[in-house]
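**Q** Here are the chains, one letter per residue:
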Amino acid sequence: MRYQNATAYRFLAPYLLIFAIFWVWPIIDSFMISFQATRTVPWRFAPTFNWGRLIGDPAFFNALKNTLLILVIQVPVMITLALVMAVLLNSPLLKARGLYRFAFFAPVVVGEVAYSAVFRLMFNLNFGIINKLLNSVGLPSVDWFSNVTPAMALIMIAVTWRWAGYNAIILLAGMQSIPEDVYEAATLDRVSKLKQFFFITLPLLKPVIVFCLVLSIIGTMQLFTEPFLITERGGPGGGTETLGLLLYRQGFRSLNFGYASAVAYTMAGLAIAITLVQLWLTREPK
Amino acid sequence: MSSLSSARLGRSIALHLFLTPLALIWLFPLWMMVVFSTMPDNGIFSPGIELLPHGNFLDNFNNLQRDTDFVGAIGISVSVAVTYTFLSVMLTSMAGWALARYRFVGKGLVVAIILGTITLPYAVVLIPQFIMVARDFKLANTWVALIVPPLFNSLGVLFMRQSFSMMPDDLFDAARVEGVKEWRIFLFVALPLARPMLAALAIILFLASWNNYLWPLLINSQPGSMTAPVALGTLIGLTKVSWGGIMAGAVMLTVPMLVVFVLLQRHFIAGIAAGAIK
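Protein chains in written order, with our numbering: chain C, 380 to 665; chain D, 1004 to 1281.
Certain hints may be false.
[To be verified] Cβ-Cβ distance ranges computed for the label pairs, FRET-style:
hint: 1; chain 1: C; residue 1: S470; chain 2: D; residue 2: R1069; range: 42 to 52 Å
hint: 2; chain 1: D; residue 1: A1017; chain 2: C; residue 2: L447; range: 32 to 42 Å
hint: 3; chain 1: C; residue 1: I651; chain 2: D; residue 2: T1086; range: 38 to 48 Å
hint: 4; chain 1: C; residue 1: E563; chain 2: D; residue 2: M1093; range: 42 to 52 Å
hint: 5; chain 1: C; residue 1: E559; chain 2: D; residue 2: L1025; range: 21 to 31 Å
hint: 6; chain 1: C; residue 1: P558; chain 2: D; residue 2: K1110; range: 30 to 40 Å
hint: 7; chain 1: D; residue 1: I1052; chain 2: C; residue 2: Q555; range: 35 to 45 Å
hint: 8; chain 1: D; residue 1: S1168; chain 2: C; residue 2: R389; range: 46 to 56 Å
hint: 9; chain 1: D; residue 1: F1089; chain 2: C; residue 2: G517; range: 50 to 60 Å
hint: 10; chain 1: C; residue 1: P558; chain 2: D; residue 2: G1227; range: 48 to 58 Å
hint: 11; chain 1: D; residue 1: G1013; chain 2: C; residue 2: W659; range: 25 to 35 Å
hint: 12; chain 1: D; residue 1: N1144; chain 2: C; residue 2: R418; range: 22 to 32 Å
hint: 13; chain 1: C; residue 1: R418; chain 2: D; residue 2: R1069; range: 48 to 58 Å
Hints listed in this document are in silico derivations from the structure and should not be mistaken for laboratory results. Here the structure is a predicted model, which is why all the values come from computation and not from measurement. Glycine included, C-beta positions come from ideal geometry on N, C-alpha and C.
Assemble the whole structure, with the sequences as input and the hints as a guide.
**A** Next comes the structure, spelled out in structure tokens:
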């Protein structure tokens, strides 16, 4: 096949143009802005201004701590749950499969604002249905919005509800692409279903699980809407403030673009580091 | 033989006993969204447990429309999502076509860069994008600002590249022998063949635009230029606001997508699963 540079780039041109303007340049620009003092006119180059502030800023470490805490707890719980959903939805014994699929996959189409509003009402202290149901079985009400631990739990519950089905879709598709005869052979050899799951499904599904993990980690790393809308701008008292929210406040409330860019690059650094560790831990043995 | 089938029956019952409560829990927030949207505010904030819909949806909708121009915002959201979907499908399928069917200098680099952006947080480009669109281009509070910057997406291109590369060569070679131009082959041979994949891509892109929140919140913050999620979001947290109205808005944002999801489930699932499956 001969080279067709002109034709190929004509097809690629609009896409690459958008990419260059709205991604490549911003990635570079963001890096440069993080080395500038941006609340003076004109901006001036001050390499340690933002980064120096970052490493001594308790608000940054609070947001970092909250983000990592959500990451470490919520992502594994959600992926495990998604795996359970996918395995069970894949079972040949399941009746009314469509109804179950709808139940778990429906949150995928629900927008962040819509579900944030519903969760706020459901978890309301005095009138929320969750506390009413807790009371009806003799449990005390939980003040989901004024205490840090329940507020963090609420954010994790909300994100898990929204995204578990999404991951289950990807995992289910992965499972269905595993050839049937592998399981047939195992069944003939009287390998139990449970063992089949751990010794056939899981290993063959590893790349798909890693993909889900990477996407979820990057998503959770940037968590913004849920603490913004559900726990009211990261409340109580910054207890659910995330890096995404800190970036928003610094960049778009205080209009401190330099500092916000430093926060953004910290998020990118973390995402890349975690992804690399992830890929390295799950690398194919040579 | 009968013991084997009774074991199967036992397993089947256990499966349903576990999955049914989980499914009900998962449906609960959506159900409550509908229930809240039909209740008057003093019903939502009352001590009783209400699990069934009432008849107040229209009143709630009127309250919402009084709090913010939600109908106008829906109009913007629909127009933006339709335009965005069309442009993005064209852009990503053209790029996917080039990557799937041509040999060219720099191809490896282009693919590597696209793959690299999947793991790059959007936060990194957010601030310069905002400065560029709002200050340099002076496009804040316009449709262009809502549509153009989000046009870049990496998973869609990889999905279309995959779709086009699975098509047999002779389909296109026959047209080439006839002297048909490449762009005509793309438009009139390749695209029609890729219709199921295009449908999957279009649904996912439409949904992404419809639900997009952070970028529209930042760039189109003027009343009258807000998308529906942004307009609804401004009400959450206000003290004197109709929560029944907010819920009516949430239902109007969600239920059409749920209907689309049910009708086009296949395409939906294909579009989401596409990211991971080679």
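**Q** Falls inside 32 to 42 Å, the C-beta gap from A1017 of chain D to L447 of chain C?
**A** 37 Å, holds
**Q** Evaluate the given range 38 to 48 Å for the C-beta pair formed by I651 of chain C and T1086 of chain D.
**A** Given about 33 Å between the Cβ atoms, the range is violated.
**Q** Between P558 of chain C and K1110 of chain D, does the beta-carbon spacing fit 30 to 40 Å?
**A** Distance hint for P558 of chain C, K1110 of chain D holds at roughly 31 Å.
**Q** Is 48 to 58 Å right for how far apart the beta carbons of P558 of chain C and G1227 of chain D are?
**A** At 56 Å between Cβs, range holds.
**Q** Using the C-beta atoms of I1052 of chain D and Q555 of chain C, is the stated range 35 to 45 Å upheld?
**A** For Q555 of chain C against I1052 of chain D, whose Cβ atoms are near 40 Å apart, the range 35 to 45 Å holds.
**Q** With 42 to 52 Å as the target window, see if S470 of chain C and R1069 of chain D comply at their CB atoms.
**A** 50 Å, holds
**Q** Does the Cβ pair R418 of chain C, R1069 of chain D satisfy 48 to 58 Å?
**A** Once the Cβ atoms are compared, 39 Å apart, the range 48 to 58 Å for R1069 of chain D and R418 of chain C is violated.
**Q** Please test the hint of 42 to 52 Å on the beta carbon pair from E563 of chain C and M1093 of chain D.
**A** 44 Å, holds
**Q** Between S1168 of chain D and R389 of chain C, does the beta-carbon spacing fit 46 to 56 Å?
**A** Violated, at about 19 Å.
**Q** That 22 to 32 Å hint for N1144 of chain D and R418 of chain C (C-beta), does it hold up?
**A** Given range 22 to 32 Å: holds, Cβ gap about 24 Å.
**Q** So the hint says 50 to 60 Å: do the beta-carbon atoms of F1089 of chain D and G517 of chain C match that?
**A** 56 Å, holds
**Q** Does the Cβ distance between E559 of chain C and L1025 of chain D fall inside 21 to 31 Å?
**A** 26 Å, holds
In summary, the numbered hints that this structure violates are 3, 8, 11, 13.
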